[in-house]
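Protein chains: 2
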Amino acid sequence: MDNQSVTAVKGFLAGAMHCGIKQSGKPDLAMLVSRVPATAAAVFTTNKVVGAPVVVGREHIRGGRISACIINSGCANVCTGKQGVLDAREMCQRSAEVLTSRGMVMQGRNVLPFSTGVIGHFLPMEKIRQGIDDLALHIGDSAEHGDAFAHGILTTDLKIKTAFTQIKSGRRMITLAGCCKGSGMIAPNMATMLAYVATDAAISPSALRAAVRDSADSTFNCVTVDQHTSTSDTFAVLANGMAENPRIEPGTQSCRTFSRALEELCDSLARQIAADGEGATKLVTVHVLGASTDTDARRAAMAIANSPLVKTAIHGGDPNWGRFVSAAGYSGAKMNPDKAQCQVGKITVFRNGRPADASLAEVQSVMQRSAVDITLNLGVGGKGTCRVYTCDLSREYIAINADYHT
Amino acid sequence: MDNQSVTAVKGFLAGAMHCGIKQSGKPDLAMLVSRVPATAAAVFTTNKVVGAPVVVGREHIRGGRISACIINSGCANVCTGKQGVLDAREMCQRSAEVLTSRGMVMQGRNVLPFSTGVIGHFLPMEKIRQGIDDLALHIGDSAEHGDAFAHGILTTDLKIKTAFTQIKSGRRMITLAGCCKGSGMIAPNMATMLAYVATDAAISPSALRAAVRDSADSTFNCVTVDQHTSTSDTFAVLANGMAENPRIEPGTQSCRTFSRALEELCDSLARQIAADGEGATKLVTVHVLGASTDTDARRAAMAIANSPLVKTAIHGGDPNWGRFVSAAGYSGAKMNPDKAQCQVGKITVFRNGRPADASLAEVQSVMQRSAVDITLNLGVGGKGTCRVYTCDLSREYIAINADYHT
Chain C
630 MDNQSVTAVK GFLAGAMHCG IKQSGKPDLA MLVSRVPATA AAVFTTNKVV
680 GAPVVVGREH IRGGRISACI INSGCANVCT GKQGVLDARE MCQRSAEVLT
730 SRGMVMQGRN VLPFSTGVIG HFLPMEKIRQ GIDDLALHIG DSAEHGDAFA
780 HGILTTDLKI KTAFTQIKSG RRMITLAGCC KGSGMIAPNM ATMLAYVATD
830 AAISPSALRA AVRDSADSTF NCVTVDQHTS TSDTFAVLAN GMAENPRIEP
880 GTQSCRTFSR ALEELCDSLA RQIAADGEGA TKLVTVHVLG ASTDTDARRA
930 AMAIANSPLV KTAIHGGDPN WGRFVSAAGY SGAKMNPDKA QCQVGKITVF
980 RNGRPADASL AEVQSVMQRS AVDITLNLGV GGKGTCRVYT CDLSREYIAI
1030 NADYHT
Chain D
630 MDNQSVTAVK GFLAGAMHCG IKQSGKPDLA MLVSRVPATA AAVFTTNKVV
680 GAPVVVGREH IRGGRISACI INSGCANVCT GKQGVLDARE MCQRSAEVLT
730 SRGMVMQGRN VLPFSTGVIG HFLPMEKIRQ GIDDLALHIG DSAEHGDAFA
780 HGILTTDLKI KTAFTQIKSG RRMITLAGCC KGSGMIAPNM ATMLAYVATD
830 AAISPSALRA AVRDSADSTF NCVTVDQHTS TSDTFAVLAN GMAENPRIEP
880 GTQSCRTFSR ALEELCDSLA RQIAADGEGA TKLVTVHVLG ASTDTDARRA
930 AMAIANSPLV KTAIHGGDPN WGRFVSAAGY SGAKMNPDKA QCQVGKITVF
980 RNGRPADASL AEVQSVMQRS AVDITLNLGV GGKGTCRVYT CDLSREYIAI
1030 NADYHT
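From first to last, the protein sequence lines are chains C and D. For any residue, its number in the numbering used here is found by taking its place in the first sequence, counting from 1, and adding 629. For any residue, its number in the numbering used here is found by taking its place in the second sequence, counting from 1, and adding 629.
It cannot be assumed that every hint is accurate.
[What the hints assert, rightly or not] Taking lysine-lysine and the PhoX-like style, the derived pairs with C-alpha atoms no more than 20 Å apart in a straight line are:
| hint | chain 1 | residue 1 | chain 2 | residue 2 |
| --- | --- | --- | --- | --- |
| 1 | D | K651 | D | K797 |
| 2 | C | K711 | D | K968 |
| 3 | D | K788 | D | K651 |
| 4 | C | K968 | D | K788 |
| 5 | D | K797 | D | K655 |
| 6 | C | K797 | C | K756 |
Hint data in this document are derived by calculation from the structure and do not stem from the laboratory.
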């Protein structure tokens, strides 16, 4: 099977185009459509400043039935007051009307709106209206259409980020395919990115909501590029039931199988975000264990992953492990330095309160690889663990973000 | 009066030298001595991983009488277990012995030890022992000696940081003079730097402790360069009483006057740290007001000051105020975006949930200055406020910290 994009899933159409928001001429309007109304669940940013599309999206997801997602990139429609909300609603309404005219009957409330890009500017609605009308006529279910969708949602990303998996449910095969964007303004709670998973699973709304929430917690909420939780970002799953499997109900084996598949898919997307973080040259995985709780483990892992001193040491391939240990020390997590242990790759560098007998030259060579694993045991004898993905901090991050003009 | 260094304070001697820790040949051992035992108070890092000098310093400060501070730069003596503690004690003991032989009678427990530099390495004690013996013979009370001390405590700092003030107490004049180091691994709780204030005030121990704690809270604990709370750092005040003023007691007018003078001195030092942050090209002051509590205001101000997206926008002089507002949004502080207000310099850029009618060109010109003020009202109608100093994030920060080798 060649197509592993969202359009590989039964009943899904997609597409993207340039409608004139981005000066670069790159695609800036994208659409994902299910031929039949889908059961949907989503997780939204926890930022108190949210974009108008988040306000409208939260409202529409409550209805539980979603037929389409309409996304523009290049302008986030955040800090835009009432006009912003009107604009987000109009994106939904316009999409519903033109898709209905193509035979896919829906209403504005069955559409989720998304915008990503600069904050504090109004959407260029003339361009977007025209774009929606054109785009709705050109969506399709080919691999190219799915690929175009994955490109159309990007901002500073260098690569598209996609994942695909299939699971058996009785004699039926369920397909899950996703894609996401996210490169800067990436920190958890919630996803600080846009992520979409299309699936043809038949699944109860409550089972889907639980699977989405759990998957986000251990994947998208464990990615950080620059600790700046975005105002816009959303992870949405649309399940249209066209696999015709026996409906997945909460607490069943099939539900666990589906949840695990969704989590693995999200894990792949989350890793891709960290690896393509703005200016990233390395994927960094921080493992914390031996914490008194998972929450404490997460605090320590996030402190390590967000420290500019940690990220620059990794960028330089410098075996300066004191920065990793000391970041955990200020995280607020319970820690016993005299029993803590730190590993870089598989080399133990710190044990029982003092340097282990490691060769710094070997540590340095591990740190110069394109994927670096940092493991820290907090030494309090607990079972709490957390794994966080991040990237290094390079001059390129500064260039991208200091020279990015509004 | 020409001398405004720590040696301008009655009864204080100081000095510094190169003992061989730093490869650069710059001064790496410094000493501050009071001719008579001083009442002392200090605030230490809140990091759970602390250097051996912090362990020993906390013990010695409990005695309340301090005659000397011995500081090395270039090696932090952190993550060094029991050997590290023995080494820190030996620095005190050795200093006390050689100073006693010069007629300034003291014991090891009357000395505070400090170390700053790379983590995870043992002190080169041979060099330090010899250095202490030499240095104790060459301390003095000239401006040059005070200046040498201010240089001797530096690591990646480009500039020495000093402050000086005098207040009247009855017919007596009280002098306060301080200096500090700190450029990277700078975030509050506590000071993530070494700071010393020498004063000839006669003051009760409890009044001094309160003044030190309060001054640190509003100054050193409101500075951040890279949010990485250090393992070592300490703010210590030595008051030797040689001004012969009527002893300052808690709750009196003279106590308030002394506390205010100390706070102003610390405020000046804190600003100097931010302005000389690693790679800094601009001093940034973040003011948050209209918060429900001071704690909430601090959360929001710190989130803004620590966001790499905020710091890079300021570095680039980019009027991308959405980054300031959205950072407050994820800080955890109560916020009402519909009533929030943001100013860059004196220009209002965001009001009542939407962009204000500001000229982005004017905002840009304000942001290109060497000192940038960001003001955010959280819009919840409270009286909570906080002011935080930070700096921009430049390629030079990456260069300093990725190329700094252990």
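query: When the hints from earlier in the document are held up against this structure, which numbers fail?
result: Violated hints (numbers, rising): 1, 4, 5 and 6; every other hint is consistent with the structure.
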